[in-house]
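Please take these sequences and the hints and turn them into a complete structure.
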Amino acid sequence: MPSHDPPPVPAPFDGTLSPATFHVAQPQEEALARLEWLHGQRQRLGVVTAATGGGKSHFLAAAARRLAGAGAEVAVLSLAGLGAGEWIGLLLERLPLDPASRADPGSEWSRLEARLRENTLMERTTSLLLDDLDRGPADALAGIGRLTGGAEPRFARVLVVATAVPEGLAVLPAQLRSQITLRIDLPPWTEDEVAAFLDWEGARIGARTPLFSPVAAGALARFTGGVPRRVVQLARLALAAAAGADVATVDPEHVERAWCELLPADAPAPQATVETATTPATVRPVRRLWS
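First residue of the sequence shown: 3, per my numbering; consecutive thereafter.
No lab work stands behind these hints: they were computed from the structure. Using N, Cα and C, we set each Cβ at its ideal position, and we do this for glycine too. Just so you know, not all the hints are guaranteed correct.
Claimed, not checked - Pairwise CB distance ranges (calculated):
(1) 141 to 22: 17 to 23 Å
(2) 111 to 183: 19 to 25 Å
(3) 110 to 12: 36 to 42 Å
(4) 172 to 102: 38 to 44 Å
(5) 85 to 154: 25 to 31 Å
(6) 42 to 205: 54 to 60 Å
(7) 251 to 22: 20 to 26 Å
(8) 153 to 96: 44 to 50 Å
(9) 85 to 183: 53 to 59 Å
(10) 168 to 71: 27 to 33 Å
(11) 105 to 183: 23 to 29 Å
If you want it as structure tokens, here you go:
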């Protein structure tokens, strides 16, 4: 018997990596447009960089949906914490191989090459989205270098999109660094972008009144420095503080209380200022750069 219960109300600021909770601010839209350029131009390697907490993993989840919508076959894998020899088997698990291909007695690399060859013959891009490239084992970095630098036709429709912290690029092999077609930076959100995210999140969950007052949104941006992960964490805790005070809209004192009492003791110190939306952008629109 069909259920007539209303759908559950989404939890605000739940911190999941679902594409449905990904807020496309200007830096994220610019980065996604650059990925579309990489895909359309059949480039092989792009690297997305952001500081810790800058939203790299969440960006990859949204990128997977965007690239799949463009017709690519997509596999997402985090390289952090993997041991030697583990990455290629995990990658194969994330590709839609048929049972006969999975049972192939050949090596894992041969099975991967067979899938890449099949997609190339079908004129379909294989997009491998690899999180934490700078924390991957040496054999994974060597294999990725072969995928993005090999001249064989079976590698012609491979697109690797990887993430790293900016300082992590220095640990990559020089040959792999030289194969990067495009580096895409995700800067912290501006104060206006933080306010837009808070309004967007309220609309996403169906809130009838603003979750944060304008002054509270500015305070939250300053405390977190615009780092997306910190924004989500502090917003969730500030909302809990407001609920405890039985008020519907978060005020600056709720933000400060959450910061001082609820966040871990090792949380970074608040930033004195956050870049405003009137500051000139450092990245020009991609469609003028790459068209």
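Results for each hint:
1. 141 to 22: 17 to 23 Å: violated (35 Å)
2. 111 to 183: 19 to 25 Å: For residue 183 against residue 111, whose Cβ atoms are near 24 Å apart, the range 19 to 25 Å holds.
3. 110 to 12: 36 to 42 Å: holds (39 Å)
4. 172 to 102: 38 to 44 Å: Given a distance of about 43 Å, which is inside 38 to 44 Å, the answer is holds.
5. 85 to 154: 25 to 31 Å: holds (28 Å)
6. 42 to 205: 54 to 60 Å: violated (31 Å)
7. 251 to 22: 20 to 26 Å: holds (24 Å)
8. 153 to 96: 44 to 50 Å: Once the Cβ atoms are compared, 26 Å apart, the range 44 to 50 Å for residue 96 and residue 153 is violated.
9. 85 to 183: 53 to 59 Å: violated (29 Å)
10. 168 to 71: 27 to 33 Å: Hint holds: Cβ distance 29 Å, inside 27 to 33 Å.
11. 105 to 183: 23 to 29 Å: violated (36 Å)
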